[in-house]
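Peer 1: Sequence:
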Amino acid sequence: MSDTHVLSRFTRHHLRHVLHRSLVPQLPSADFDIPLSNHQVRSIWNNVQGDVFVLFPKVAENFIFFTISNAAQFKQDLKGFTPSSSVNTVEKLVTISSAKEQGVWATGLIQSQIAFSRAGLNILGLTENIEDPRFDTRPMLSDMKFLGDSGPWYTPFVEGGLHGVFTIAASSPDECDKATADLKAKFATSIVTTDKMTLKGRIRPDANKGHEHFGFKDGVSQPALRGLVEPHPGQIQADAGVVIMGYPGDPVLDDPTAQQRPAWTRDGSLLVFRELEQDVVEFDAYLKEQGPHWREFVHGADVQPPLTNAEGADLFGAQMVGRWKSGAPIAKAHFRDDQQLADNPDQVNNFDYSVPNVPMPTDRFCPFTAHTRKTMPRNLNPFMIPKFLESVAVVRGGIPYGPEQERDAGASLKDGIHERGLLFISYQSSLDNGFVQQSVPFANNDYFPVTSFSPTKHGQDPIIGAPAPPPVQAQASGNVPSTGEVTVRIKNQAGESVDVAGFASRAPVEPTTAQPFFVTSRGGEYFFVPSVSLVKQISGL
1 MSDTHVLSRF TRHHLRHVLH RSLVPQLPSA DFDIPLSNHQ VRSIWNNVQG
51 DVFVLFPKVA ENFIFFTISN AAQFKQDLKG FTPSSSVNTV EKLVTISSAK
101 EQGVWATGLI QSQIAFSRAG LNILGLTENI EDPRFDTRPM LSDMKFLGDS
151 GPWYTPFVEG GLHGVFTIAA SSPDECDKAT ADLKAKFATS IVTTDKMTLK
201 GRIRPDANKG HEHFGFKDGV SQPALRGLVE PHPGQIQADA GVVIMGYPGD
251 PVLDDPTAQQ RPAWTRDGSL LVFRELEQDV VEFDAYLKEQ GPHWREFVHG
301 ADVQPPLTNA EGADLFGAQM VGRWKSGAPI AKAHFRDDQQ LADNPDQVNN
351 FDYSVPNVPM PTDRFCPFTA HTRKTMPRNL NPFMIPKFLE SVAVVRGGIP
401 YGPEQERDAG ASLKDGIHER GLLFISYQSS LDNGFVQQSV PFANNDYFPV
451 TSFSPTKHGQ DPIIGAPAPP PVQAQASGNV PSTGEVTVRI KNQAGESVDV
501 AGFASRAPVE PTTAQPFFVT SRGGEYFFVP SVSLVKQISG L
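Anchor point for the sequence shown: position 538 equals 538 in my numbering, and the numbering is continuous, going up by one each time.
No lab work stands behind these hints, which were simulated from the structure alone. Since the model is a prediction, treat every value here as computed from it, not as a measurement. Hints may be right or wrong, so weigh each one.
List of simulated lysine-lysine pairs, DSS-like, C-alpha gap at most 30 angstroms [as the list claims (entries may be wrong)]:
{"no.": "1", "residue 1": "LYS184", "residue 2": "LYS145"}
{"no.": "2", "residue 1": "LYS200", "residue 2": "LYS536"}
{"no.": "3", "residue 1": "LYS217", "residue 2": "LYS75"}
{"no.": "4", "residue 1": "LYS325", "residue 2": "LYS536"}
{"no.": "5", "residue 1": "LYS100", "residue 2": "LYS196"}
{"no.": "6", "residue 1": "LYS536", "residue 2": "LYS145"}
{"no.": "7", "residue 1": "LYS288", "residue 2": "LYS457"}
{"no.": "8", "residue 1": "LYS186", "residue 2": "LYS75"}
{"no.": "9", "residue 1": "LYS387", "residue 2": "LYS332"}
Computed spacing ranges between beta-carbons, pair by pair [what the hints assert, rightly or not]:
{"no.": "10", "residue 1": "ALA188", "residue 2": "PRO133", "range": "33 to 39 angstroms"}
{"no.": "11", "residue 1": "THR155", "residue 2": "ALA99", "range": "36 to 42 angstroms"}
{"no.": "12", "residue 1": "GLU390", "residue 2": "PHE453", "range": "52 to 58 angstroms"}
{"no.": "13", "residue 1": "GLY161", "residue 2": "ALA99", "range": "28 to 34 angstroms"}
Idealized CB from N, CA, C, for every residue including glycine.
Given the sequences, and given the hints that come with them, work out the whole structure.
Peer 2: Structure, rendered in structure tokens:
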């Protein structure tokens, strides 16, 4: 087998018009150390499906959820389906870059992927555990409460029992819909799917391209897998196995005491899909309401010239997210958006949350609760080492769904007609290390990030968090200290004695109104994304 790098036919010149992407393929270069063997690199690019770690470039993306009605026929039909590989995605990026050079729009770019639920693998005869305790034992529906979903969930997730999902990505909605119709026809006698089981995502038009419905630039920060993705300055890096099974960074492979995964899982990944509905009208109204109070959340800074109410609203939104709508981080653009910073791929992720002369983690410019700081924290030394933070990284995709919302919707807080939001996906080799870690111990944990040696309550992620349960009220008969470590013994309603241990602090003054939340999960599922070679193996090729 040749030792030539699998991407040696490409140069940076071929990709020059897509180098602003957060995920740029790492081409052969003496400038970068590649911690993978040439054989490993070749296997990953040729065998990992194309959306997993470089993400499909697309204008439209359809997710076709299905159940398998005839396993034998499905395997036959699968012979006519060729999923896109990661190297195919690079080829599409080269085509797009070439079209931009000529000043035209690249068309005819169809990309496809397939993934299976645990039930789907079982029906196809792949019954071995993949050694992910969550994927192997339950669907996402069983985790609904655990994930903080208040519901209700929608079709196709609320019914449960999904076997898989096809992903079709394309350079136009019409191309995407045609490819979807062709695929459904190809599998017509082996799967069950309906119009309600096809979810359609579309890039927002014109100036909103690349922004989700709240108006924020999406996908700005992604982990660069070492040896596979060229890191921009400041970009978080992670070992390949954090996302792709069978390589260093895969927590199962790295644990010599663990039961190892079946050989067929190599070059696979775990896909999390979530349908996240966004209440755009109420979100905008909330920011507008907070705008005039901007002086209350700049920590006494002398902002000159003073912010207008509209600028104050934008700042409040940026503090909720951790970035401005342009994508510029508030850690660098403290009080006003900076489009020039946002447009510079070498600067937009080149930051941490430290402040000069402040040795400990601080929320001087970026709140600890900001969405980006909650889900992918930076520099939490000495409380969390960088290697741990790398291990929880996910490649995060997503595309908006639903119609555009007029930004000035009048006095009404809900349009009452249309639903819109984000079709969220993430890729990781471990659900509990990736999506679950970011969602529950991080985003939904009032005490995260860890910022001191004593637990400090910060609050929920204001974007994907959920209302915390109300505190338990108990009257103490003894002398309870107001500070320091304390253990209180109380009796619950069943008459049982329960010890509650922790650090006491004076109860804060409760706000007159509860923290509102504007994102509602409408369901989702966990899937395994098989390698290209495993798809062929399942089909019998």
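Peer 1: Confirm or reject the claim that THR155 and ALA99 have a C-beta distance inside 36 to 42 angstroms.
Peer 2: holds (37 angstroms)
Peer 1: For the pair we were handed, LYS325 and LYS536, check the Cα-Cα distance against 30 angstroms.
Peer 2: violated (43 angstroms)
Peer 1: Do the alpha carbons of LYS387 and LYS332 lie within 30 angstroms of each other, as the hint requires?
Peer 2: holds (24 angstroms)
Peer 1: Run the distance test for LYS200 versus LYS536: straight-line Cα separation, threshold 30 angstroms.
Peer 2: Given pair LYS200, LYS536 holds - Cα atoms ~27 angstroms apart, limit 30 angstroms.
Peer 1: Measure nothing beyond the straight line between the CA atoms of LYS184 and LYS145; if it is 30 angstroms or shorter, mark the hint as holding.
Peer 2: With Cα atoms ~33 angstroms apart, LYS184 and LYS145 exceed 30 angstroms; violated.
Peer 1: Check the following: the C-beta atoms of ALA188 and PRO133 are separated by a distance inside 33 to 39 angstroms.
Peer 2: 36 angstroms Cβ-Cβ, so the 33 to 39 angstroms window holds.
Peer 1: Next pair to validate is LYS217 with LYS75; report whether the Cα-Cα distance is within 30 angstroms.
Peer 2: violated (40 angstroms)
Peer 1: Given a hinted range of 52 to 58 angstroms, is it respected by the beta-carbon distance of GLU390 and PHE453?
Peer 2: At 23 angstroms between Cβs, range violated.
Peer 1: Given the hinted pair LYS288 and LYS457, is their Cα-Cα distance within 30 angstroms?
Peer 2: It holds: about 27 angstroms lies between the C-alpha atoms, which stays within 30 angstroms.
Peer 1: May I ask you to test the hint 28 to 34 angstroms on the CB atoms belonging to GLY161 and ALA99?
Peer 2: violated (42 angstroms)
Peer 1: Given the hint that LYS100 pairs with LYS196, test it: the Cα-Cα distance must not exceed 30 angstroms.
Peer 2: Between LYS100 and LYS196 the Cα gap is close to 36 angstroms, so the pair fails against 30 angstroms, i.e. violated.
Peer 1: CA of LYS536 to CA of LYS145, is that 30 angstroms or under?
Peer 2: Status violated; Cα separation ~37 angstroms.
Against the hints set out earlier in the document, violations occur for numbers 1, 3, 4, 5, 6, 12 and 13.
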